[in-house]
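Trainee: Please construct the entire structure, taking both the sequences and the accompanying hints into account.
Chains A and B supply the protein sequences, listed in that same order.
The numbering of the first sequence is my numbering, which starts it at 1 and goes up by one.
The numbering of the second sequence is my numbering, which starts it at 1 and goes up by one.
Any given hint could turn out to be false.
[Stated by the list, open to error] Per label pair, the in silico range of CB-to-CB distance:
1. B:Val108 to A:Asp304: 21 to 27 Å
2. B:Met42 to A:Ser596: 25 to 31 Å
3. A:Ile532 to B:Lys84: 46 to 52 Å
4. B:Lys84 to A:Ala118: 30 to 36 Å
5. B:Arg62 to A:Asp570: 43 to 49 Å
6. A:Glu598 to B:Arg62: 22 to 28 Å
[Claimed, not checked] Listing some non-contacts, in silico: residues in chain A with all C-beta distances to chain B over 12 Å:
7. Thr359
8. Asp360
9. Met394
10. Thr544
To be clear, the hints were calculated from the coordinates, so they are not data collected in a lab.
Built from N, CA and C at the ideal position, the CB exists for glycine as well.
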Amino acid sequence: MSDELFNREEFISYFRDEAEELLQQIDADLLRLEEFVSSGETDPEIVNSLFRALHTVKGSAGMLGFTDVQNLAHKLENLCDLLRKERMPLSESAVDLLFTGRDLLTELVEAAIGTHEAPGGVDEYIRKLDQFTSIYEETAHVIEGRMGEQHSFDEAAAAEEEQVGNVDVEAFEAEVARLLAEAESRKAPAPPPVPAFEEAPPQPVAAVPAEPVRPAPQPPAPAAADKAPAKNGEQKRSSIHQTIRVDIERLDALLNLVGELVINRTRISDIANTLERLMGTKGTNGQVMANSGVIAPLAKDLADSAGLLARTTNEIQESIMKVRMVPIGQVFDRFPRLVRDVAKARGKEVQLVISGAETDLDKTIVDEVGEPLMHLLRNNVDHGIEAPDEREKMGKPRAGTISLNAYHEGNQIIIEVSDDGAGINLEKVRARALKQGLISADDRLSDREIVELIFTPGFSTAEVVSDVSGRGVGMDVVKRNITRLKGVFDVDTVPGQGTRFTIKLPLTLAIIQALLVRVAEELYAIPLDSVIESQRVEMSDVRTVHGNEVITLRGQVVPLVRIAEFFQLDGKRDPDKVMIVIVGLQGRQVGLVVDSFEGEQEIVIKPLSDVVGRIAGISGATILGNGSISLIIDVHSLVSEAYSGGKVARAEFSGV
Amino acid sequence: MADVKEDKRQQLSGEVVQVVSFRLGSEEYGVDISQVQEIIRMVEITHVPRAPRFMEGVINLRGQLIPIIDLRTRFGMSRIDATKSTRIIVTEIGSKRVGIVVDSVSEVLNIPIENVEDAPEMIAGVGTEYIQGVGKMDERLIIMLDLTMVISGDEKRELDQLGEQPVAS
Chain A
1 MSDELFNREE FISYFRDEAE ELLQQIDADL LRLEEFVSSG ETDPEIVNSL
51 FRALHTVKGS AGMLGFTDVQ NLAHKLENLC DLLRKERMPL SESAVDLLFT
101 GRDLLTELVE AAIGTHEAPG GVDEYIRKLD QFTSIYEETA HVIEGRMGEQ
151 HSFDEAAAAE EEQVGNVDVE AFEAEVARLL AEAESRKAPA PPPVPAFEEA
201 PPQPVAAVPA EPVRPAPQPP APAAADKAPA KNGEQKRSSI HQTIRVDIER
251 LDALLNLVGE LVINRTRISD IANTLERLMG TKGTNGQVMA NSGVIAPLAK
301 DLADSAGLLA RTTNEIQESI MKVRMVPIGQ VFDRFPRLVR DVAKARGKEV
351 QLVISGAETD LDKTIVDEVG EPLMHLLRNN VDHGIEAPDE REKMGKPRAG
401 TISLNAYHEG NQIIIEVSDD GAGINLEKVR ARALKQGLIS ADDRLSDREI
451 VELIFTPGFS TAEVVSDVSG RGVGMDVVKR NITRLKGVFD VDTVPGQGTR
501 FTIKLPLTLA IIQALLVRVA EELYAIPLDS VIESQRVEMS DVRTVHGNEV
551 ITLRGQVVPL VRIAEFFQLD GKRDPDKVMI VIVGLQGRQV GLVVDSFEGE
601 QEIVIKPLSD VVGRIAGISG ATILGNGSIS LIIDVHSLVS EAYSGGKVAR
651 AEFSGV
Chain B
1 MADVKEDKRQ QLSGEVVQVV SFRLGSEEYG VDISQVQEII RMVEITHVPR
51 APRFMEGVIN LRGQLIPIID LRTRFGMSRI DATKSTRIIV TEIGSKRVGI
101 VVDSVSEVLN IPIENVEDAP EMIAGVGTEY IQGVGKMDER LIIMLDLTMV
151 ISGDEKRELD QLGEQPVAS
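Mentor: Following this line, the structure appears as structure tokens:
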């Protein structure tokens with residue numbers, strides 16, 4: 001029993017992954033298909049791909065008893081079948097219907113696996129879809145009947161009678177009239193199904209035309225259709241990549257073990273070093289000296305071996321880190337659809353050009369970077385790209401271009417989002433900021449500082465709040481998310497020519513360079529990327545502002561936070577001096593007071609939240625070379641908490 | 001109230017309960033052996049600031065971070081320094097691994113289920129919510145702990161304890 005349950009769970013997890021991939025592919029196919037709408041022709045390859053993907057979703061859902069998913073996938077498959085057989089011309093409404101269906105299918109899949117509430121409106125949609133497809137199914141028969149091809153009129157009429165109850169008769173008649181007119185206006189009469197299949201690629205699916213066109217609008221013959229897509233799917237997969245799906249937790253477990261290996265390696269190196277040092281010193285103990293002739297070569301062997309072990313361990317660690325890397329294309333894939341939808345909603349024409357989708361970075365970052373990028377793209381379409389007419393007036397092509405580009409640079413990944421739109425209107429930004437009270441009229445701001453204003457929480461230039469953007473959430477969230485990922489965010493804008501956002505992110509978050517400090521006997525790690533400098537300051541240089549300690553650093557007043565006190569540790573204050581680590585965060589500087597500096601080290605971050613819950617000021621922990629644990633200080637939360645709720649805020653305000 | 005206790009006792013299934021027994025002060029306790037992963041000697045515990053008070057800190061167990069609960073603090077007993085016999089019982093409940101610090105570990109006991117009785121209202125200040133029952137072995141009384149409760153705890157108690165900590169000023 002329990003085995004069966006377990007298997008089902010595994011199946012569901014597989015289904016989830018598979019469905020996610022297929023739905024993504026369906027989206028991509030639909031976007032490509034949409035490009036053909038203007039020509040009215042259908043690219044059989046795309047439609048086949050769509051058909052196959054829907055069919056696989058249907059099959060898998062059926063196996064797991066997700067009848068809602070199965071049902072909808074089946075209906076969508078029917079629509080694709082009509083397109084595939086060219087019984088239905090490719091139209092905007094058909095593609096829109098497919099897009100909506102795809103979204104509903106996604107929600108149904110999520111509901112089936114329990115990650116989402118069941119969506120509403122499915123029945124209504126299916127009714128609409130049925131009506132839509134039945135029109136074409138009927139029409140096709142009627143046309144065929146009229147042309148006397150392969151069908152007796154009676155048969156078509158019988159089918160018509162069968163279906164007519166479900167059909168909005170008026171719409172049906174209108175469609176028939178339209179279709180007939182369309183068929184006549186084309187050079188050739190409406191292409192009969194059979195020749196169409198000859199044009200189709202020589203895939204197993206092509207075996208289907210051997211049977212005459214099905215008389216009734218029933219689901220495709222299961223047997224023939226079942227085999228074909230499966231085979232095609234396999235071929236497609238193996239031709240692209242040889243990959244294997246691995247649970248990220250297993251990778252983490254592997255990384256843990258390697259961490260353990262690294263610790264032991266360090267110990268062995270220590271022993272080897274100690275031994276070698278002992279050999280080198282002329283000790284007073286005669287016995288050690290007497291044995292040294294035997295031990296010396298052994299000590300050297302041990303040192304060599306330890307060195308080799310160190311190299312191999314490092315390589316293993318690096319390899320595992322590489323395994324965690326996935327192409328950023330995983331995130332980029334959903335953007336064409338997003339841009340299409342937003343552009344459509346805002347009446348703009350936008351072309352999204354993606355490059356560097358194969359650039360890889362750590363899975364955890366890939367998962368996190370999607371949202372900020374999505375906000376950015378929305379903003380670009382909404383605020384960056386001008387309306388088509390406006391663009392034409394300015395001598396630009398009607399359709400704006402947004403390029404999304406990713407590439408590696410050293411130990412970082414650079415993601416650029418640029419558009420050829422209006423650029424950021426500095427005057428407008430300034431005026432808006434003034435109106436919203438973010439700056440005062442006498443503030444003299446450089447262009448750069450004005451651009452920075454768009455990242456202020458609550459800022460929005462949009463005159464009217466749209467459902468897309470302009471609610472004042474967005475750019476500040478984007479920046480915050482990027483900062484949280486230890487990334488850097490930059491904007492270049494040229495009025496009238498466009499804007500470029502540049503995001504620099506570390507390739508991985510799992511290993512960082514850190515400064516180790518000692519506070520109340522315990523070791524803490526401070527991520528080096530937020531450390532500006534560390535210094536020893538005489539107590540006589542520490543001033544107090546309303547009882548809160550500050551120092552003056554190159555003319556700037558920097559508030560101090562005593563870590564021991566922040567964490568309520570039993571620390572002793574040194575009456576003569578303080579050791580200070582200056583950390584910077586979004587332009588704000590804070591001096592963290594520690595007991596001593598213990599050097600820099602590369603550390604592997606282990607999350608702490610799983611075991612003890614979230615703790616303000618601590619972002620994780622790491623295991624040091626000697627096996628002891630060091631907590632990692634979360635500079636971000638420590639600084640903001642100190643600023644918002646604590647003494648720093650008071651010190652700053654009263655200091656002004 | 002009686003129903004709740006009855007339910008707790010019912011959780012102990014089978015004819016014999018196998019427990020790992022340990023000492024905490026003058027009392028002897030037991031935890032179901034299936035929940036015990038391993039027993040290790042006291043190691044250095046890294047204090048985690050601002051964690052709930054009964055959370056002693058974390059240890060490094062072969063590269064994994066394991067949170068440590070001091071049962072004495074959890075049960076409101078006085079704290080003592082670690083001795084040679086102090087042990088950490090590493091338990092696994094659900095997918096959570098948690099170590100609990102005890103004064104000493106005695107042995108594995110097989111207690112016939114008929115010798116297990118409902119917990120009396122109060123035992124040495126330990127709330128009954130943590131207790132599954134009391135096992136009798138000759139003259140010994142083994143307080144059988146419900147580790148799930150010990151680890152998750154009722155939220156109210158946890159909050160109360162958090163509230164006792166001075167607020168950062």
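Trainee: Each hint needs a verdict: does it hold in this structure or not?
Mentor: Outcome of the hint check:
At about 47 Å, the CB distance of B:Val108 to A:Asp304 disagrees with the hint of 21 to 27 Å. One distance hint, 25 to 31 Å for the beta-carbon pair B:Met42 and A:Ser596, holds here, with the actual separation near 27 Å. Look at A:Ile532 against B:Lys84: about 47 Å separates their beta carbons, and that is inside 46 to 52 Å. A C-beta distance of roughly 60 Å is found between B:Lys84 and A:Ala118, which places it outside the suggested range of 30 to 36 Å.
Taking 43 to 49 Å as the suggested C-beta distance range, the pair B:Arg62 and A:Asp570 does not conform, at roughly 30 Å. Distance hint for A:Glu598 and B:Arg62: a CB-CB separation of about 24 Å, consistent with the stated range 22 to 28 Å. Every C-beta of chain B lies more than 12 Å from that of A:Thr359, the closest at about 31 Å, which supports listing it as non-interface. Every C-beta of chain B lies more than 12 Å from that of A:Asp360, the closest at about 26 Å, which supports listing it as non-interface.
Look at A:Met394: its CB is around 56 Å from the nearest CB on chain B, clear of 12 Å, so calling it non-interface holds up. At the 12 Å boundary, the C-beta of A:Thr544 stays outside the reach of chain B, the nearest C-beta of that chain being 16 Å off.
Hint compliance for this structure: hints 1, 4, 5 are not met, and every other hint is.
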